Amino acid sequence: MRIIISIWKKQQKETLRNKTILLPFLLFPFIAFIMNQSVHMEGMPKHFFIYLFSIMYITMAPISVIAAILAEEKEHHTFEIMAMAKVNVYQYLTAILSHTLLICMIGAMSFVWMGDFTITEMIRFLFLMGMGCLISLLIGVIIGTWSTSTIMANSLSIPIMMIFSFLPMLAMFNETIQKIARFSYTYIIHTMMLHIDQMTWEPFSLVILILTTSIAVILFVLAYRSAPLL
Amino acid sequence: MKYALQLHDVSMSFAQKEVLSHIDLQVESGEIMGILGPSGAGKTTLIHIVSGRLKQCEGSVIFHRDLETSAYRFNAMMDTLGLYDRLSVYENMEFFADIYHRDRSDIDELLQRLGLQEATHTRCAKLSKGMRSRLSLARALLADARLLFLDEPTAGLDPLSTQMIHRLLLAEKAKGTTILLSTHHMEEAQSLCDHIALLYQGKIMEYGTPKQICMRYSCGTAIHLRLNNDMEYTFQSQRDGADQIYQWLKEERIASLHTQEASLESVFIQLTGRGLQDHAHHHIDMEETAKRDIAQ
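Residue numbers (my numbering), protein chains in the order written: chain A, 1 to 230; chain B, 1001 to 1296.
For the record, the hints were derived by calculation from the structure and aren't laboratory data.
Predicted model, so just to flag it, every value in this text is computed and none were measured.
In silico lysine-lysine, DSSO-like type, Cα no more than 30 Å apart, as pairs:
| no. | chain 1 | residue 1 | chain 2 | residue 2 |
| --- | --- | --- | --- | --- |
| 1 | B | K1129 | A | K9 |
| 2 | B | K1203 | B | K1055 |
| 3 | B | K1126 | A | K9 |
| 4 | B | K1129 | A | K19 |
| 5 | A | K46 | A | K179 |
| 6 | B | K1002 | B | K1175 |
| 7 | A | K86 | B | K1129 |
| 8 | B | K1126 | A | K86 |
| 9 | A | K86 | B | K1055 |
Input sequences plus hints: build the corresponding full structure.
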């Protein structure tokens, strides 16, 4: 536990001083706030911009941040030093993932603040945000593990982030894309958000979420075997 | 004899390329053991095997039982340094002090010993190369490990920083710490190390005290002289030039005369010369040394 807390404290200092990491945490809530306040169209679903940008947020922020953190540790050879200090991969990932998840959830709270949610809706919204962040964090860990530099991590993150974050929006306008998007965790979470007042777990959605998480874990194991972090 | 570390017949290959070949090495407790070799000789692989990051393909690595029971038996200062650029000097130390369960007073003491107390709150990104190396060394010492591996600790440093690190290494040795020192600097190895292993292309070419190694390859003391007309001559042995030198002495033509004793540098060239010609893996330092030798 002492080691996990040490890594946590270290990462907190690093995150606060890293503008590249901080930016996605602030950018999406800020844009959502501006759009939510300034754009009102007839027939527009309630919380339209909040849901839209929260999906972008739970995809882009965790993936880009965690991949950058891991790639930077590799690039600066700090994993080697941690390995000598007998830090193991579970301790490291527990610290880094919990730290990033907490920051993501603080950002998620700002989306809650923008929408006039009931208590039940708020809990459901935060649950969905948490689940989305968790899957995105796993994807970020895979990218970070595979990457040998921050440049490579960015190059791999960007297309993956774009696909998952824009799929729900594109699915609104195109039926073919919607058929494909049904298999993405971001589309499922977005759809559940749109019906947050009557959220029910459809078996298909549940299967996709579990499948995505399982695939992410398997890919991480494969990535870690080929390029161990610690 | 008490050995802190023993390597028996250690071999390592990557993608069928043998990086270390049948390494046998005994490191006595409390000594400074120099590992000399050009880039690509296998030093980093060796250290990764000792640290447990890599598992050797063959052979065994045995630590003394005192080291087996200590919490952090081994620490290293790698040439890559591994510092967090956004954190200050103190915060870098603080992170590892928390992991090693060390007091804050230990950080202050180490920073003072390495002359970093004035840079305590400076971010690592703003430190000079010498200061970064010293910080990396301070962090390695923070673990209070009984066995230290230092990979090129003085590479590219100014003479003052080099002297400071040398003093610190001797102080650590006096405390009983066993140090494996990897270096390109033959003079550094000659002055600091109790034993030396010359590593080349994954093999230990020679092992012994610096004096023993030099004696083994010495073909007598060379004589270098300069005449009044600025012509310079080097005789590889005293016997070679005895008559000629005597003649010049009689004619009062000699402006200066020096003896040149065998050095680790010349031994290394003797040992690896053929290898350097056969393979393209030679380091720029070694090239320069070889050129100097040929010129003589």
